[in-house]
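2 protein chains.
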Amino acid sequence: MKRADFTLPGEAGYESLTLELAKKWGADVIRDSDGTKLSPEIVEAGYRIYSTICIIRQHNAFAQEHPDAQQQTFLCSKAVTAEGTTAVIPLMDGYFTEQFVLNDSPDALRYMQVYDRTENAPVSPDAWTYADGQITLHAAKPWHQYTAGFLCYRIWEEINMYNHTTNSWTSEHLRQLDPRHPATWAYLQQWLEDWCVENPQTNVIRLTSLFYNFVWIWGDELRNRHLFTDWASYDFTVSPAALDAFEKQYGYALTAEDFVNGGKHQVTHMPPTKAKLDYMDFIQAFVAEKAKALVDIIHKHGKEAYVFYDDSWVGMEPCGKRFQSIGFDGLIKCVFSGFECRLCAFAKVPVHELRFHPYLFPVGLGGAPTFSEGGNPARDALLYWRSVRRALLREPVDRIGLGGYLHLTLPFPEFNDTIEAMSDEFRQIKSFHKNGKPYVLPCRVAVLHTWGSLRSWTLSGHFHETDKHALIHINEALSGLPVDVKFISFDDVKHGALKDVDVVINAGRMGDAWSGGDAWNDAELVAELTRFVGEGGTFIGVGEPSAVRGSDRTFRMAHVLGIDEDLGERVCHGRWQYEVEAAPFTVNEAALAANPHLYLTDGTARVLCEKNGAPQMTIHSFGKGKGVYMSSFSISPESTRMLLEILVHCCQLPGDYLSDNALVEAAWYPADRTLVAINNAEESITATIATPDGPQCLTLAPLETKMIKL
Amino acid sequence: MKRADFTLPGEAGYESLTLELAKKWGADVIRDSDGTKLSPEIVEAGYRIYSTICIIRQHNAFAQEHPDAQQQTFLCSKAVTAEGTTAVIPLMDGYFTEQFVLNDSPDALRYMQVYDRTENAPVSPDAWTYADGQITLHAAKPWHQYTAGFLCYRIWEEINMYNHTTNSWTSEHLRQLDPRHPATWAYLQQWLEDWCVENPQTNVIRLTSLFYNFVWIWGDELRNRHLFTDWASYDFTVSPAALDAFEKQYGYALTAEDFVNGGKHQVTHMPPTKAKLDYMDFIQAFVAEKAKALVDIIHKHGKEAYVFYDDSWVGMEPCGKRFQSIGFDGLIKCVFSGFECRLCAFAKVPVHELRFHPYLFPVGLGGAPTFSEGGNPARDALLYWRSVRRALLREPVDRIGLGGYLHLTLPFPEFNDTIEAMSDEFRQIKSFHKNGKPYVLPCRVAVLHTWGSLRSWTLSGHFHETDKHALIHINEALSGLPVDVKFISFDDVKHGALKDVDVVINAGRMGDAWSGGDAWNDAELVAELTRFVGEGGTFIGVGEPSAVRGSDRTFRMAHVLGIDEDLGERVCHGRWQYEVEAAPFTVNEAALAANPHLYLTDGTARVLCEKNGAPQMTIHSFGKGKGVYMSSFSISPESTRMLLEILVHCCQLPGDYLSDNALVEAAWYPADRTLVAINNAEESITATIATPDGPQCLTLAPLETKMIKL
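Heads up: the sequence lines are chains A and B, in that order.
Taking the numbering used here, the leading residue of the first sequence gets 39, the next gets one more, and so forth.
Taking the numbering used here, the leading residue of the second sequence gets 39, the next gets one more, and so forth.
Just so you know, not all the hints are guaranteed correct.
[Said to hold, decoys possible] In silico PhoX-like links for lysine-lysine, alpha-carbon gap of 25 Å or less:
1. K537(B) with K649(A)
2. K179(A) with K179(B)
3. K314(A) with K506(A)
4. K116(A) with K475(A)
5. K116(A) with K662(B)
6. K662(A) with K662(B)
7. K649(B) with K649(A)
8. K662(A) with K537(B)
9. K532(B) with K506(A)
10. K532(B) with K179(A)
11. K179(A) with K116(B)
12. K532(A) with K179(B)
13. K649(A) with K40(A)
14. K116(A) with K286(A)
Hints in this document: simulated from the structure, not taken from any laboratory.
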């Protein structure tokens, strides 16, 4: 089975190590890493070769000659208080000047905008003038606060900036080009053409990634370096040319405020405005068209085109409607978590590849040592594997691999053994999927939020970047559960999306994209979900589900949940007394919050957990269905088990292939008649798994994967 | 000094006890208590006599003959889900039928209203019919939820209902009449006329109170008896006659929804609608007019009219513009707390009287024993006195008294000694006020909220009824501090109210009446407060001050505070790192909350307290002034001291007559050259009080009041 489905990062200067580990880990592909070049000994060793290209980067000479071809963004100045009738706004104050330089070209000045933050309204252009990096207001209103929105060039490609800063590099700062600039676009196509000719040994071009990075705005003060970071935001796609084209196509102009939004920007975690949705569609069309042109060049040269699903991926949207049209041959996702595995598996593309962690770097993303003194990369790898493995059991992925500098593994032979075992397990699991789908319980779960399938599985970035949101914990739990999962939007609900659904989950904070905000003012949505539960469905609400101000309740689904949150309008209302009841499943109190404002609506919900005198988890009958409420949800084996047991209870599911221990999960592959049991604990666990062939009592070593033919 | 300013509740059958305690406590007045009658021995003993009258109660015969003269209220039915195109709403379901009976007279049916809660819109009257206590919807929308708003008669006067239920009385349920009913009004005037003639010995008629009780809606289930209770709500003033008169006068009709508000009702803690404000004004005019007519009758008979500031006080509004026009001779307020003392003292009326606690009842309001086994009424009295005393030092009150059944004190001689000492102290403090105002620090504080001076000091009821609101804790702290305090509305700010103010306090939850809600969308308000701080003022924000959704920030005063709350729009923004700094005063961390969503706006605020990694208290320079933020405020001697020290620090106040110990407070009466020091601890405390005559080092016994002539 060895020598398949594994991508090894080769390293020049360590040729024998490269080939030795390629054999040990069963690699069939050797790739270069960011900023490195493979040596002929490696290239000619009989492996398929991936070569990494960041198409918009490493053209500093061109960028120097065409500074207007560089990428841009809108920024918002600090707010300035007018003490009299004049005020001066220094535009760049607080921003990292190695990243940004003001664009005060006539084209950009057309999009400069001054805003009265006290009145929450734009200021007439007659009332201010721009010169030398600052705006002077001539007719300010005393004691009002003003900001300006303005365009900047981004003069340091952000991934290079991050790596450079983190690793104290001294190399030249790499710039990035905007393919919307016609000369740039011609240049980039020719450059790729030339590259393909010059690199005949490359089988797969690994694009890292396309054109526009996720937004990453840095400040000049180390006390607050990362001013704004959103993995799915479109800020870095903008330019006067894009704005002009948008206006021509959509019939209305966007303004600076549509982007800077009072300094808040348009974060993915909040419901988008119509302008943002239009703009996203506009950019997605552009990115798909340009990406297809690049893929066509690659194909023309007999190579395959894989794309890395991160970094400058914005506009590509692998879960979006245009992704397939680009024609990629593979999608590569770096994964820390189970949901990222499902995110990759979900995309419609021939090959799905995961880049595992830890990255072969001295320190990890959080700054802790990995491949350096004090690090334990073997354990790191196993713990990431623990998260990913349960998702891999549910949906097939085609390949795995590593990234970084191979020589760093030398002092860590245990790591190399761990990867060897892991890649063998991966290939085994892949073989089960090849023979047929794993068994799932008859339970179809729909996660309901603003973005629907466009933001399947992920919210906006890695788990540790979004861990304040209950939904990412829910998604991570779901990623390894033996149930069907899909992601639907509020609009989908109104167009029949619930007809093949048993359970709807809505989990978020009031007003955010995951809860839904104003979408819940839609009577059709509420009535359809009410029907769904009334006729037997289950609605699981987490945090502030369906919450919006302005009706008779806060949670618009309170009638189904039997619990609601008081925003201050019911402080004079009595509260239903209750006894905390024994749940029909194991309640994991640690997963829940302590929201003091929760109250029972009509006293008929059963309270399964309370904190500080307020109910935090309830189950409520509504019509033929049920509403389940949890004040929050944080991931753990116990909370994952609780979620599974909620589904089993509400949908009256059979117990087939379920373990009796929260720390052990199982998957059943009917075609292979193979039961796979995984121990999610770092200790030995004995568990019994129910099967129609009788209970299977197993003892699993720490983190062990056990595969049993029945 | 004895025999002055003290009102004793006389008790028939205990004549000698009455006269003995009258002497011990220095009473000059003997009153009857609710439902009792004084005997001739007491009435003729040479004391002034107060007689209690509840004008709208104790007319059951008349009520029986004129059932339509009984008071009413709007109620909201439970929400009913339509599973098809018809639905039935049983109106009274869940309400206490001993309190309410449906009014389905033609007049009342005109105001019946069905609401589609899913659409958040009223249902056309064509779509439903009423019969036999229920509404039938003929054209319901499937899976929508419906409620009905409807009028009920209230057939059990609520104070009687409460006392009856609490004390397991078996007497007849007393009813209440609506003076808006013309025959009733004629009857009530004649009844008072007759009463005055029949009771020549009465010097003061103590009205308990006027016409309309605060709202107190009971449910039929003991698990949730008190469905809605709001001390300042106008629900119980309504009737078809009132609604018709309102429409005639204001030119628009009110609907059931204006009152029931989706079952939320119109709670005093939320900003009122325009309709509510108009309606309050309408009722206030009616109450003032009718009250004046009663007072005129009382005066005509040579008696004085005092009014009890509780129970059926709604519409009287002692802090309102019409109160003086009624012509009361005295106002009596029952007090648990310092703020209630200030509330009473604030009203413009010749005599201010406090009814102290504990009430001479076997159990207290919370259900704990007072004058019964296990009770310690002397300690209870001292602890209430501790709260009230510090407020009494600040503003003069004319009289104090007790209520209830005197014989219950027999087993508690220590209580009687305590009241003796307390009443002596009260008379002494009163004498200081008579000679001149106490010294205040040069610091003028304005508490800013929706209601302004109309809701000076109180929010809506007693401390223990509103203790979830930070503002009542602030008010209680302020009630005994040596600073000037006033209560202003947002409108007041725009009309110059800040010109004699040094400190503005805004303390509440986002959207509530105390924070202000949508009022903060007013640029003029924000600019004026910005000017105020910019020019040297101090703005203290507590909880979610100036908070409203929809601008670039959550706290509209965030620029002044240097701190803001993230509602989800800034989850992708970096947070300013900070060190917790030593405060220029003693921070009482226990008074603060742990709001995880707080963040520094520009990194310049000094963090004085953090919890769970988020700042909870900050001080920030803005222009020549300061912004101080506290995530909450809960009352204690230490937090009260912290508030004082914030004022001292921000306003650079002198330390005159301040103690060096949070448990000891002091007041200075320049005219008497008397320093009064109070020990708020139940243990002996030594403290030094700074005075221009040198520091005064004092040792005070537990809860002692020390008065020193300097």
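Checking against the hints above, which ones are violated?
1, 2, 4, 6, 8, 9, 11, 13 and 14
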